[in-house]
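Build out the structure end to end from the sequences listed, making use of the hints.
Protein sequence lines, in the order shown, are assigned to chains A and B. Take the first sequence: its position 239, counting from 1, is numbered 239 in our numbering, and each next residue is one higher. Take the second sequence: its position 206, counting from 1, is numbered 206 in our numbering, and each next residue is one higher.
Keep in mind that the hints are not guaranteed to be accurate.
Unchecked claim - Below, a sample of chain A positions facing chain B; criterion: calculated Cβ distance under 7 Å: (1) Pro41; (2) Ala284; (3) Cys305.
Keep in mind that the hints were calculated from the coordinates and are not lab data. Don't be surprised by glycine CBs; every beta carbon is placed ideally from N, CA and C.
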Amino acid sequence: MPSGPEQAGRKRARGAGGSRPRRARRTRTRDARAAAGFVLPFLALFCLCFLAPLGYALHQSLHRTERTGPLGLGREHETFAGLANYAHALADDRFLAGFGRVLLFGAVQIPLMIVLATALALLLESASARGVAFFRTAFFLPYGVPGVIASILWGFLYVPGISPLVKIADSLGWHLDFLSRGTVLWSLANIVTWQFTGYNMLVLIAQLKSVPGELYEAARIDGASAWQVARHIKIPLIRPALQLTGVFSIIGTLQLFAEPMVLRPLASSVDSGYTPNLHAYSEAFVGNNPQVAAAEAVLLALVACALSFGFLRLAGGHAGERR
Amino acid sequence: MTPPPLRHRIITASLLTVAALYFLVPVYWLVVSATKNSADLFGTFGFWFADPHPVDRLTEVLAYDHGIYVRWLANSLLYAGTGAVCATLLSAAAGYALAKFPFPGRDAVFTVVLAGVLVPGTALALPLYFLFSAMGLADTYGAVLIPSAVSPFGVYLCRIYAAAAVPDSLLEAARIDGAGEARIFGGLALRLMTPALVTVFLFQFVHIWNNYFLPLVMLSDSGLYPVQLGLTSWTGYADRQPVLYQYTVGGAFLSVVPLMVLMTVLQRYWRTGLTDGSLKA
Chain A
1 MPSGPEQAGR KRARGAGGSR PRRARRTRTR DARAAAGFVL PFLALFCLCF LAPLGYALHQ
61 SLHRTERTGP LGLGREHETF AGLANYAHAL ADDRFLAGFG RVLLFGAVQI PLMIVLATAL
121 ALLLESASAR GVAFFRTAFF LPYGVPGVIA SILWGFLYVP GISPLVKIAD SLGWHLDFLS
181 RGTVLWSLAN IVTWQFTGYN MLVLIAQLKS VPGELYEAAR IDGASAWQVA RHIKIPLIRP
241 ALQLTGVFSI IGTLQLFAEP MVLRPLASSV DSGYTPNLHA YSEAFVGNNP QVAAAEAVLL
301 ALVACALSFG FLRLAGGHAG ERR
Chain B
1 MTPPPLRHRI ITASLLTVAA LYFLVPVYWL VVSATKNSAD LFGTFGFWFA DPHPVDRLTE
61 VLAYDHGIYV RWLANSLLYA GTGAVCATLL SAAAGYALAK FPFPGRDAVF TVVLAGVLVP
121 GTALALPLYF LFSAMGLADT YGAVLIPSAV SPFGVYLCRI YAAAAVPDSL LEAARIDGAG
181 EARIFGGLAL RLMTPALVTV FLFQFVHIWN NYFLPLVMLS DSGLYPVQLG LTSWTGYADR
241 QPVLYQYTVG GAFLSVVPLM VLMTVLQRYW RTGLTDGSLK A
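Following this line, the structure appears as C-alpha cells:
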C-alpha cells in the first residue's frame, strides 16, 4: 500500500548524499537527531502498548502456574509449559467452534456489507440522486452509535414481547424469531452491517470523488450506460478503497465481542465461547486461567494478521502490477 | 449532460429511501422510547409515543444513583478527548519524521507501525491487562488513557499526508532562515497537515468513545467507567430492578445524540480528510 511515498523518500535520501559529502554527513546526523525527537515519544508508547503486551502474552502463554504443598494450597510458582497452553486452547472444541463461527460470519457479512456500501455509494454519486446530503448523513449516522449501544438498541428490537418488529410481523401472520440458535448469528451480522455500511460507503465515496469527472463524460459520449460506467470505470478505480474497507472489516470481525456479549442474556444459544474473543475473556476472568487466555489472544492476533496480509496479497496483486 | 430518464430517478430514489429507513428506524425507536416510563416501554407499541415526558424521563436517568451517569459521561469525554489529542500529536510528529527525515531504521519503524495497524485491538487488550496489572496500573484512569494515546493508523495517515502536503523546499527555506526543527514542525508542518490531523483526531475520538473491551477488562471501579460500560452494568442489574431497562434506553439516547450531532456537522470535513488518506494510499 505505501509503496509510493516510500520510494520517493528513498530517492530523496540518495539525492541528498550527492555532491558535498561533508555537508551531507552533517545533515544526516542533524536529521537523525531531529527524527529521533519526533518518533521516540510515539515509539515509546507503542512499545508499552503493543510490543510489550504481545511479548508478555507470549511469555505467559508458554508458562503455567503450579502450586506446591498439601492439597495444592501452598506457594504458587511459574514453570515453563512449552506449548501446552496452545494445545489446550486448540483442543477446546468451543474455542474452535467460536473461530469457525466468526469465519462464517465474516465470509457472509463482509461481502454483503461491502456490496451494500458500494451500491449505496454508486447510487448517491449517480447523477439521478436527489437529496444526496440527507441520505449520506442518514446512512452514516449509525457509525456514531457505539457497538454496545447498537446491540442494546437492536436487542430491544429483537426480543419478542417488546419488539415492534416482531409485533408488526405477527399481525401480518409471520412468526419472526431473531434470537433462535439458527438465526442469532445473522441477527448479530445485522447489527454490524447496520453500524458500518455507512462508514464504508463514505470511504468509497471519498475515492469516487477523486476520479476526474471528464472520465465519466468521455464514457457517456462513447455511449456507455450508467451501469457500464459503474462496472468498468468506477468499481476498478475504487479498488484501493475496497481493499482498505475489506481489511478493516476482517480485523473487526475477528474481534467480535461487544455484540454477542450484550445479546448473551437475551439469547440462550450465545454462550461464553461464542466468539474467540469472548472465549479468551471468560477463560481469563471466569475460568481464572490467564495463561490459556494469553495463548488464545496470541492465536487470535496471529490469525488476524495472517488473514489481513493474505487478503491484501490477494486483492492487491493486480493493483500493484498496474502501478 | 442530459438528465437521466424519470424511471431511473424513481428507482434510485426508492432504493435510497428503503436504505434510509433501515438505518434510521432503530434511531427513531430510541428517540421514541427515551420518552417512555418503564411500564410503557414494555406495554406500548415501540414505534409510537405513549404519554411522552422526555424531560422527566431524562432527569430520572441523570439523578439515579447520585448522578453516576453524569460521571460516566465525563469519564468518556476525558478518555476520548485527552486520548485523541495525545494520539493526534504523537502521530503527527512520528508521521512527519517518517515522511521527511531519511534516518536509519526508518523502514523498520514503518513496517512495525503497519503491523500494529493489523493487530486487532481486542487481541491486545487482554495481554495489556495482564501487563498493566503486573505493573499496578490496572483499574486506574491511566489504564484506559495510555493505550488510547497510541494510534498506528494515525501515524500511517500522517506519514502519507506529510509526504504529499509538506514540501521539502519549504522546510529547507525555513532551515536556511535559521528556524529550529521543533519550530518548523510546530509552526509549519502542523499547519500544513491540519486536514490529516482532524481526521486522526476524529477517528481516534470515535474509536476510544466506542471502545468497550479495553475498559471492561481494565476497570472494576464503577466510578472510572466510561458511559458504555456503565450502561451495560445497568442492563446486568435490570433483572432485579426493571426500571434500569428504562434508564439504559434513556442513557443510550443521551450518550448517542451529542456524537450524532457532532458527526453530522463534521461529516464534510471528515470526508475531505478521508480522501487525502485513501487517494494516496
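Self-check item: In rising order, the numbers of the hints this structure does not comply with
Solution: Of the numbered hints, all hold.
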